[in-house]
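Participant: Use the sequences and the hints to build the structure in full.
Each chain, letter by letter, is given below.
2 protein chains.
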Amino acid sequence: MRILLSNDDGIGAEGIRVLARELAAIGEVYVVAPDRQRSAAGHGITLHKPLFLEEHDFGPGIHAYGLSGTPADCVKFGVTELMKDVKPDLVVSGINAGSNLGNDVMYSGTVSAAIEGSIQGIPAIAVSQCGSEPFDYQGAAEFTKRLIGEVLQNGIEPDTILNVNYPPLLPREVQGVRITSIGKRRYENHYDKRTNPRGVSYYWLAGPLKKLEQEPDADIRAVREGFISVSPVHFDFTHRRMIDTLKTWSLH
Amino acid sequence: MRILLSNDDGIGAEGIRVLARELAAIGEVYVVAPDRQRSAAGHGITLHKPLFLEEHDFGPGIHAYGLSGTPADCVKFGVTELMKDVKPDLVVSGINAGSNLGNDVMYSGTVSAAIEGSIQGIPAIAVSQCGSEPFDYQGAAEFTKRLIGEVLQNGIEPDTILNVNYPPLLPREVQGVRITSIGKRRYENHYDKRTNPRGVSYYWLAGPLKKLEQEPDADIRAVREGFISVSPVHFDFTHRRMIDTLKTWSLH
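If you're matching them up, the sequences are chains A and B in order. Under the numbering used here, the letters of the first sequence match residues 12 to 263, in that order. Under the numbering used here, the letters of the second sequence match residues 12 to 263, in that order.
If you're looking for bench data, these hints aren't it; they were derived computationally from the structure. Check each hint, because a few of them may be wrong.
Pairs involving identical chains hold if they fit within one copy or between any two copies, as the list cannot separate such chains.
[Unchecked claim] Here are the simulated DMTMM-like cross-link-like pairs (lysine to aspartate or glutamate), alpha carbons at most 20 Å apart as the crow flies:
id, residue 1, residue 2
1, Lys195, Asp147
2, Lys95, Glu199
3, Lys156, Glu25
4, Lys204, Glu92
5, Lys195, Asp247
6, Lys195, Glu226
7, Lys95, Asp203
8, Lys221, Glu65
9, Lys98, Glu184
10, Lys195, Glu153
Facilitator: Structure, rendered in structure tokens:
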């Protein structure tokens, strides 16, 4: 089995190394990850700049490369160039340092790397370790290995990926696994305005999470209650019901 | 009425200027657009760098700014910082130079700027002019004005934007308006490998569109047949049906 591994924290992140080593036990691992931090990259791809590739040492049985692009670039490049003769059986993105829950999947480079795998016709999983520094990735890495077994056996629906969030707990403290929906997550965003030593103003995006009521099966609630959350995330953009409404508008 | 306008081609693009002037006739226009070309930016936002803002002259009745961020950053900044005391009634993204059809909406900075408007709770439209250089934006700009009237009267469903693609035709050649679904679009991607004068290899993303059968109501087909395409695009990520399947997997 061949696994293509990517992330959005960059090739130097600990989470991808832990996962690469864990997965090397069950298959041949190819790592193509951004050459630097690309969190919140969304599903950007690089059209107007060329991409540079650099080999990295991840230990035996692992082919590892840093690419000067986004997470989606890395998976596209991995599938269509680096592994064009040895198509991967699976794309895995992560383990991300921090959660990718609720509407944040929209902005998530971790999720977008997995989605690019699915666009390329390959079953794909995104994995995130919730909590904050210092992260312990071992539990999430082991769960990912178990999930991969089920994915290979059962498959994933078209245009769909599995989004895994592991709670900030030791494996023995974890309450179990919950299959979840994508919860509601909104921020009270504002911008911190500052002035640099040369008198030029600049802005930092800031603002806390809003406290929102969650559905009983929401991913956010599952992690909060100590469960591993597994959400089927699809990208079916057409709002079928609204098509009928729009047909009644005066646009002609 | 206050309209926040953005795009992904950058503040210097012709499409956003034509649209800003057209919309200034029906409301107060605020432009916040990337300070440079940000096509295919996806829904990236900028967390690890500060944002710089620069005022531009778009003529009377238009407040215009270039921001050193992505399209989604521009709309987030426009709504939560620049217009925090005068909330916009509408977010419009475009007019993009080139189509945003089918699955390309996933990568589209134009669409993502509109989606950020919707996330901020404001009705939002993405507008693209299909075809190639030289673009004529006037027909699309006039149609957008008409569509805005309907949007303000009828509203848009939550977590949904309208994605407009104007065919590469003169207004009198246009066949009409079609309410459409998001079609299938895939590329036969490959990477062109080159070597720079210093002997370093680099790669360019390349590859033509695959020829795919389209649904009768697909956006791609509508534009091909000379219609203006209006698609309701939503971002409801949970694959409800697959939740039941996943519950039968051995993950516990």
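Participant: Hint by hint, where does the structure go against what was stated? Just the numbers, ascending.
Facilitator: 1, 8, 9 and 10
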